[in-house]
Amino acid sequence: MSVQIGISPIAWQNDDLPDLTANYTMEQALSEARQIGYTGAERGRRMPADTTGLKRFLGSHDMALCGGWCSGNLLVNDIETEKSVIAEQVAQFAALGAPCIVYAECSNTVQGDRSTPVNARPRLTRDELMAYGAKLSEIAKWTAGEGLPLAYHHHMGAIVEHPDEIDWLMEGSSPEVTLLYDTGHLVFGGGDPLATLDRWGDRVHHVHYKDVRADVVARARDQDWSFLDAVIAGAFSVPGDAEGSIDFAAVTDRLAKMGYSGWIVVEAEQDPAKVAPYDASKLGYDTIRGLCARAGLEVKDRVSA
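Residue 1 is where the sequence shown starts when you use UniProt numbering, and the numbers rise one by one after that.
Note that these hints are calculated values from the structure, not bench results.
Keep in mind that a hint or two might mislead.
Label pairs and their computed distance ranges (CB to CB) [unchecked claim]:
#1 S174 / N119: 16 to 24 Å
#2 D279 / D215: 36 to 44 Å
#3 D19 / R126: 26 to 34 Å
#4 D127 / D62: 45 to 53 Å
#5 S115 / R56: 36 to 44 Å
Backbone N, C-alpha and C define an ideal beta-carbon position, used for all residues, glycine too.
Could you put the whole structure together from the sequences, leaning on the hints where they help?
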């Protein structure tokens, strides 16, 4: 039983808030991430778009592709249209050996809108979400047939944010719809990390480790901040941060007990003017290595081809 530790380059290159990280390059992000010890990176928008170029870029930094965001529009698209829209990304990720595609419904999300409070996000009823799950199952069966699992990302500002909504989506979908388990979004969304693992551990295919600063999250809710304003204010952090509130030792122990074998990815959006990307990312990596060792999870180190 082993895991690999990857990172999203969002600390150096924030796709949603590019001005925040304008002083950093993607080359710096991957170079420093590999220096720290990370063996994989999720795809960022400022990486090469073509498969050959992306493979060469990742390979030049001895990094694997450990997933990446896919903006879904299944609420407004029929199944065949949605397949055609995401087919190129699915083919690319499968060709590069990614563990999954990170899929989230974006047709009506407010996560990228600084003028809309995260509290004003779209909501579906239980029946509506279960119907969406049935439709998503057809997409997930297709991606699996293409050699790429689909991992759904519950996300702030979107239709699947609260733990009840995670339950409804999982209940309404087939096993091919796996779960991207994100500690930070789960807690921000009102969930208990261990309760979700206990209920849906058999569906967890991909893991994001990010911490939350509880005081910032509380202010974001109380003062009707947008999701991006909460990010800028420091809602998220990395494992090991003394200001964080999530018990990652307990989460890691639970992952070990359920036999998780996959990627643990650090993804913590922060303002680099307040938190240096290298320092935060190294703290996250070192913390996860220590937690895995204590939990009996072997960390697999990738070796250059």
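Violations among the numbered hints: Hints 1, 2, 3 not satisfied by this model.
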